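Colleague: The residues making up each chain are set out below.
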Amino acid sequence: MSDARNQARAVLEGPDIHRALTRIAHEILERTKGAEKVVLLGIPTRGATLASRIAERISQFEGVKVPVGTIDITMYRDDLRLRPARPLGRTDLPAEGVDGRTVVLVDDVLFSGRTVRAALDALNDVGRPRAVQLATLVDRGHRELPIRADYVGKNLPTSKSEKVKVYLQEIDGRDAVLLIKGDDRPAAGETNGER
Amino acid sequence: MKRHLISAGDLTRDDALLVLDTAEELARVSERSIKKLPTLRGRTVVNLFYEDSTRTRISFEAAAKRLSADVINFSAKGSSVSKGESLKDTALTLEAMGADAVVIRHAASGAPHRLATWVRGSVVNAGDGTHEHPTQALLDAFSMRRRMGRIEGLKVAIVGDVLHSRVARSNVLLLHALGAEVTLVAPPTLLPVAVDSWPCQVSYDLDAVLPKSDVVMMLRVQLERMNDAYFPSAREYSRRYGLDRERFGRLHDDAIVMHPGPMNRGMEISAEVADSPRSTIVEQVANGVTVRMAVLYLLLSGSEPAIGGDL
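Here the protein sequences line up with chains A and B, keeping their order. For the first sequence, my numbering begins at 9 and goes up steadily by one. For the second sequence, my numbering begins at 17 and goes up steadily by one.
Excised from the complex, chain A in its bound form:
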C-alpha cells in the first residue's frame, strides 16, 4: 500500500473522531432547533457512514429519529472525462424525501468543493429542500468554488501535494484520519483524497 511507502501521520485517532462527531451532532441540534425536519444525506462511501453515526448520536442525545440517506454524485461530477468511466455509488433517499426539509450533506473530506457542487446538483434533481447545509469530518482547505462547511470536525491545514485519507471502522476496520506526505506527483486532475 502507498501508505507504507509515503510518510503518513495520523492527525485524528478513534477517540478524536468520536468527539468531533459528537460535537457536530450537538451543533446540528443547536442550529436546527432540535433537528426538526432535518434529513442527513451522506456522500458515498465514507460520508454515508458518517451520516449514520451522526444520526445515531442525535437520537441518543434528544431522542429524535433523523432520516438518513445517501446521495451518489458520480453522474454529476465535473471531472468524469478526465478519468476512465467509474462505478456508481448508491443513492438511497429516505422515504420522507427531501422536499421542504433541511438537508445536511455529510462528507469525509472537504477539499476543492467540487464534490459538494456535484451533490447540490444531484439534490436539485431529487427534490427541493428548504435549506442545504454541509457537515464534514475534515476541512483541508484549497477551495476552488465558493463553498464552505457549516459543521467541521477538524480544520486541517495541508499542502496541495499532501493526501488526506479517512479510515472508518465500518469500512476499513479502524478509525483514523491520516495525512500522507505527498511525493512530487502533480495535484492536477487528482482529487487528493477528497473522494
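Worth flagging that the hints you see were computed from the coordinates, not collected in a lab. Any given hint could turn out to be false.
[Claimed, not checked] For lysine-lysine, the following DSSO-like pairs were computed, each having C-alpha atoms within a straight-line distance of at most 30 Å:
(1) B/93 - B/104
(2) B/104 - B/81
(3) A/173 - A/189
(4) B/18 - A/45
(5) A/45 - B/51
(6) B/52 - B/18
[To be verified] Some chain B residues judged to face chain A by a derived CB distance under 10 Å, without partners named:
(7) 45
(8) 48
(9) 49
(10) 313
[To be verified] Negatives, chain B to chain A, calculated, CB over 10 Å:
(11) 54
(12) 126
(13) 220
(14) 318
This one's a predicted model, so the numbers in the text were calculated from it and none came from an experiment. Even glycine gets a Cβ: it sits at the ideal position worked out from N, Cα and C.
On the provided structure of chain A, position chain B as indicated by the hints.
Modeller: Only chain B this time, still in chain A's reference frame:
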C-alpha cells in the same frame, strides 16, 4: 482507447457484473420524477437502424436522452439508403457529424464489426443478422438477477428458433460467463451447425428440460427469416416447442418465463403464460432502458470506456 460492444463475448465476467451493478443504481433514477442525468451532456449518440425495431430503438433513444446525450435517429427507410448509399458512406457521413457512439441494427451479421473500422466513436451492436444482440442478453441477465436474486448456478432453458436468433447466441455467451447453466431446446432443424462448440447443453425435448429449469426463455419464431421449411407446420411446432398452460404447470413454483419480444402469441407462447405474473416480459422492456443507460455510461462517460472489446 476506443472500445465497442459488438459481441456479448467482448464482456468479461467483471465487465458484465459492472454493467448489471451500474444498471441497478440507474434503475432508481427511472423511479424518480426527474429521470434525467447530466452525465453525457454534449455527447452525440447515433441510432443507425437498417432493420425494423420498436423496443430496441426506443429503448436506446430513451437511455441516451436520460443521460442528456444528443440523439440522432437514422432509419434506412426514407434515407439515402433507399437511393443506394452504402453502409460505409453512411458511416462516413455520421462520422463527419461527430458521433461519439453509433448504435447499429443491421440485417447482415458482422455489419457492426465493419462499421467499427470506419468510425471513431464506440460501436454498440443492437442486433446484427443472426449473429448477436449483446444488450438484449445484458437486460435478460439483469431481469433474471432481479427476479431470482442471482445468476450463478441458475438453470436456463432457451427454447425455439436458435438458428436465426441473435438473442440466443448472445445469451449463451453472457450467461456462461456469469456462471449459469444454459440448455438450448429446439428441433434439430433450428439449431446452428456449430452449436457443439457453444458453452451450453442441447436438447430436442422440451418436456424433459422444463422441470429442471429455473428460467425458461422463449424465442420468437422468426417467420421473416424462414425461407425454407424448418418444421412441418406452425401447429406442429407449437405442439412440441410452444409454452402453453399445461407445460407451464410443469415448471417449479419459482421458475420464471422470459421472451425478448415481439411475441407470436399462440405460437411459441400462449397468451395465458405470457400474461402470467411469473412472466418477465414487460419488466424486460423497462429494464432495457436502464441496462442501455449503463452501457452508454460505461462506454462514453470517462476518458476511456470501462467495458467492451477492441478490434
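Colleague: Taking the hints in turn, state whether each one holds.
Modeller: Here is what the structure says about each hint:
With a C-alpha separation of about 17 Å, the suggested pairing of residue 93 of chain B with residue 104 of chain B holds against the 30 Å cut-off. At roughly 26 Å between alpha-carbon atoms, residue 104 of chain B and residue 81 of chain B fall within 30 Å of each other, so this suggested pair holds. With a C-alpha separation of about 11 Å, the suggested pair residue 173 of chain A and residue 189 of chain A falls inside the 30 Å cut-off, and the hint holds. Distance check on the hinted pair: residue 18 of chain B and residue 45 of chain A sit about 48 Å apart at the alpha-carbon level, beyond 30 Å; violated.
For the given pair, residue 45 of chain A sits about 26 Å from residue 51 of chain B by alpha-carbon distance, which is consistent with the 30 Å threshold. Between residue 52 of chain B and residue 18 of chain B the alpha-carbon distance is near 26 Å, which keeps this suggested pair within the 30 Å criterion. A hinted interface residue such as residue 45 of chain B counts as satisfied when its beta carbon comes closer than 10 Å to some beta carbon of chain A; here the least separation is about 8 Å, so the hint holds. Annotation: interface hint on residue 48 of chain B holds; nearest CB of chain A at approximately 6 Å, less than 10 Å.
Interface restraint check: residue 49 of chain B against chain A, minimum CB-CB distance 9 Å, threshold 10 Å, status holds. Taking 10 Å as the C-beta contact cut-off toward chain A, the hint placing residue 313 of chain B at the interface holds, the least distance being around 7 Å. Non-interface call for residue 54 of chain B relative to chain A: violated, since the shortest CB-CB distance, roughly 6 Å, does not exceed 10 Å. Its beta-carbon lying about 27 Å from the closest one in chain A, residue 126 of chain B satisfies the requirement of being farther than 10 Å from that chain.
Listed as a non-interface residue, residue 220 of chain B keeps its Cβ farther than 10 Å from every Cβ of chain A; the least gap is roughly 43 Å. Annotated as non-interface, residue 318 of chain B brings its C-beta within 10 Å of a C-beta of chain A; the closest such distance is 3 Å.
This entry does not satisfy hints 4, 11, 14, going by the numbered hints stated previously.
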